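Colleague: Based on the sequences and whatever the hints tell you, model everything.
Protein chains in written order, with this note's numbering: chain A, 1 to 182; chain B, 183 to 364; chain C, 365 to 546; chain D, 547 to 728.
In case anyone wonders, no lab produced these hints; they're calculated from the structure.
Errors might be hidden in some of the hints.
Here chain C is said to cover these stretches of chain B; the calculated rule only asks that three of the stretch's residues, wherever they fall, bring their Cβ under 8 Å from a Cβ of chain C [as the list claims (entries may be wrong)]:
hint	stretch
1	223-237
2	269-276
For the chain B half of the interface with chain A, some residues (derived, Cβ under 10 Å), not all of them [what the hints assert, rightly or not]:
hint	residue
3	D240
4	V244
5	L314
6	Q321
Being a predicted model, the structure only gives us computed values, none of them experimental.
A virtual CB, placed ideally from N, CA and C, is assigned to each residue, including glycine.
Number of protein chains: 4
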Amino acid sequence: MTRYHQPAPELVIDRWFNCEPPLSIGALRGRVVVIEAFQMLCPGCVAHGLPQAQRINDTFPVSDVVVLGLHTVFEHHDAMSPVSLQAFLHEYRVTFPVAVDQADGSDIPRTMRAYGMRGTPTLLLIDAVGRLRQQWFGQVSDLTVGAEIMRLVQERKLGSELTWPEDNESSAALCDNNGCSI
Amino acid sequence: MTRYHQPAPELVIDRWFNCEPPLSIGALRGRVVVIEAFQMLCPGCVAHGLPQAQRINDTFPVSDVVVLGLHTVFEHHDAMSPVSLQAFLHEYRVTFPVAVDQADGSDIPRTMRAYGMRGTPTLLLIDAVGRLRQQWFGQVSDLTVGAEIMRLVQERKLGSELTWPEDNESSAALCDNNGCSI
Amino acid sequence: MTRYHQPAPELVIDRWFNCEPPLSIGALRGRVVVIEAFQMLCPGCVAHGLPQAQRINDTFPVSDVVVLGLHTVFEHHDAMSPVSLQAFLHEYRVTFPVAVDQADGSDIPRTMRAYGMRGTPTLLLIDAVGRLRQQWFGQVSDLTVGAEIMRLVQERKLGSELTWPEDNESSAALCDNNGCSI
Amino acid sequence: MTRYHQPAPELVIDRWFNCEPPLSIGALRGRVVVIEAFQMLCPGCVAHGLPQAQRINDTFPVSDVVVLGLHTVFEHHDAMSPVSLQAFLHEYRVTFPVAVDQADGSDIPRTMRAYGMRGTPTLLLIDAVGRLRQQWFGQVSDLTVGAEIMRLVQERKLGSELTWPEDNESSAALCDNNGCSI
Numbered sequence: 001m002t003r004y005h006q007p008a009p010e011l012v013i014d015r016w017f018n019c020e021p022p023l024s025i026g027a028l029r030g031r032v033v034v035i036e037a038f039q040m041l042c043p044g045c046v047a048h049g050l051p052q053a054q055r056i057n058d059t060f061p062v063s064d065v066v067v068l069g070l071h072t073v074f075e076h077h078d079a080m081s082p083v084s085l086q087a088f089l090h091e092y093r094v095t096f097p098v099a100v101d102q103a104d105g106s107d108i109p110r111t112m113r114a115y116g117m118r119g120t121p122t123l124l125l126i127d128a129v130g131r132l133r134q135q136w137f138g139q140v141s142d143l144t145v146g147a148e149i150m151r152l153v154q155e156r157k158l159g160s161e162l163t164w165p166e167d168n169e170s171s172a173a174l175c176d177n178n179g180c181s182i
Numbered sequence: 183m184t185r186y187h188q189p190a191p192e193l194v195i196d197r198w199f200n201c202e203p204p205l206s207i208g209a210l211r212g213r214v215v216v217i218e219a220f221q222m223l224c225p226g227c228v229a230h231g232l233p234q235a236q237r238i239n240d241t242f243p244v245s246d247v248v249v250l251g252l253h254t255v256f257e258h259h260d261a262m263s264p265v266s267l268q269a270f271l272h273e274y275r276v277t278f279p280v281a282v283d284q285a286d287g288s289d290i291p292r293t294m295r296a297y298g299m300r301g302t303p304t305l306l307l308i309d310a311v312g313r314l315r316q317q318w319f320g321q322v323s324d325l326t327v328g329a330e331i332m333r334l335v336q337e338r339k340l341g342s343e344l345t346w347p348e349d350n351e352s353s354a355a356l357c358d359n360n361g362c363s364i
Numbered sequence: 365m366t367r368y369h370q371p372a373p374e375l376v377i378d379r380w381f382n383c384e385p386p387l388s389i390g391a392l393r394g395r396v397v398v399i400e401a402f403q404m405l406c407p408g409c410v411a412h413g414l415p416q417a418q419r420i421n422d423t424f425p426v427s428d429v430v431v432l433g434l435h436t437v438f439e440h441h442d443a444m445s446p447v448s449l450q451a452f453l454h455e456y457r458v459t460f461p462v463a464v465d466q467a468d469g470s471d472i473p474r475t476m477r478a479y480g481m482r483g484t485p486t487l488l489l490i491d492a493v494g495r496l497r498q499q500w501f502g503q504v505s506d507l508t509v510g511a512e513i514m515r516l517v518q519e520r521k522l523g524s525e526l527t528w529p530e531d532n533e534s535s536a537a538l539c540d541n542n543g544c545s546i
Numbered sequence: 547m548t549r550y551h552q553p554a555p556e557l558v559i560d561r562w563f564n565c566e567p568p569l570s571i572g573a574l575r576g577r578v579v580v581i582e583a584f585q586m587l588c589p590g591c592v593a594h595g596l597p598q599a600q601r602i603n604d605t606f607p608v609s610d611v612v613v614l615g616l617h618t619v620f621e622h623h624d625a626m627s628p629v630s631l632q633a634f635l636h637e638y639r640v641t642f643p644v645a646v647d648q649a650d651g652s653d654i655p656r657t658m659r660a661y662g663m664r665g666t667p668t669l670l671l672i673d674a675v676g677r678l679r680q681q682w683f684g685q686v687s688d689l690t691v692g693a694e695i696m697r698l699v700q701e702r703k704l705g706s707e708l709t710w711p712e713d714n715e716s717s718a719a720l721c722d723n724n725g726c727s728i
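Modeller: Take a look at the structure:
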């Protein structure tokens, strides 16, 4: 009855805003990680995705849930440079950590490619042992997101008092010195 | 570390809409019960509370979560009779079961009084063993509601595969032939 | 170049709320009259029509524009009695005058029939000489409503300093001691 | 009874998007001109100002009302270059003409300074003879904007069939070969 979930690919990042030192999925093991993949000139990200990420950040305690932004630029690269992003984050009062996905010479940056994202906004939920549990492209309701985040929080809390067998296995494969990866 | 939660007072109902036969908290044991206490002429209920209840109803499977409306009229009694309520439910396309809280000769109807509600809208969350777990007066965000509902769903699912000691005790006290009560 | 506009049928009213003494279209000659025809249990009226009417009331000076509500009940008559309406107006803080359209033994009340309304909400604009100039069924944008109201206000203001020939004719036919009528 | 209105300062523009050839207030004489001054990274502009400008553009016939955007960057200049603006206009589907206000070596660009704007968004209404009639900083309701635009449209239409004395005077001063200026 245990479904198998893929380990979440590690973030490959050029630069971080709103955090010091750099974060990684591996370093956040033990907490649920919510990643909002966005582009600063994507209307759906600005109107829906980022405000929802900020609400998640403001609703759950950081000891349970960590919210990250991921700037996955796959078009208009000149228009969405880190300089523009920094001004954007300042003006839109985004307070959670935001990472710039690393270009690989193609239009699609590395982390975006690793997750097979179809576009922006994409919302990722990663559980406390580093497995990718949800990946939504486009809008998803707050009710659903709140419920799915709590599902992962509760798994951890209720599971850790008991035994959670599949964790022990998968955790070995998930992380090395550089963070967690496939 | 186990917090004590009060058993949810049983509903005292004059009449049901959208369901056959009548429901009770006792009869819904095993599922999470969400109750939206409202008045049909309460603007906050119409604009926020009831649409949120409908979204909850549409988001969670009825095998896990049951949504009920509770018409707790404490003012303008002549204006919010069951005849008016029936038209209201029809026009607003409320599809989940709605109960009319029973008057006791005072302004405050019986179930509203039993829960110590401060007004409408009030949203109640009752867990799968019949305990009152949340009672919000006024607006509460979808993120929080979604998370708190899933907390109760997960307790049941994860708990029932293990042992959930406080359930066995409290369940005895919660229910009799007439439903669940203190 | 002068288009012919029908005189607005006079209101046939059972009862007024929020005003003393009763109003009529005839008595409001010289001002633009905006009428929001609604039913208290019509979701589109509650969500859009009435808030828009209140915004109109709050935006334009009453010396230029008078906003009236018209309760045109054509279904669920028992559920939308004057007693229910009074509570509704109180709870929804409707401050402009509201008239109850007079039943004629059929489902459709008299004023609603006289205007040939197709349902609720319907927004009527009547110019300063009592002619029906706009009749919108359903939603209409604030931009359009604001513009069309000002069109009528400006006609009056700019027109009255000049001569406004068609007024003199039509005004004779519009009004008698009982108000203005066809 | 005639109030004096200032001639609207002419636009001083580096570059136009969505139009060919360049526009000017002078060249638009005879029509009402609505100018939305914005910055692409100003949240209030993106959420309210630009959608309102687009609605105005879609509501009024272009023979009566011309809507222009004016990119008045006074902060984060590197982040809001014309390259970034072009991508922004594409992604946000802004279809009306947009001008880039010309820098003068200070933080405040030339047109913004000439109008004494306090920030963005600022909405300007210019009448058919080139006078500045409204200048709103921040949000203003669609009802008010619709009404004030129609006031200017009607002045023109009703006025031109009569005589509109102050126009003749002021129009002489407003325009030369280069457009209209003070």
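Colleague: Would you mind marking each hint as holding or not holding in the structure?
Modeller: Consistency of the hints with the structure:
{"no.": "1", "hint": "223-237", "verdict": "holds (count 5)"}
{"no.": "2", "hint": "269-276", "verdict": "holds (count 5)"}
{"no.": "3", "hint": "D240", "verdict": "9 Å, holds"}
{"no.": "4", "hint": "V244", "verdict": "15 Å, violated"}
{"no.": "5", "hint": "L314", "verdict": "19 Å, violated"}
{"no.": "6", "hint": "Q321", "verdict": "13 Å, violated"}
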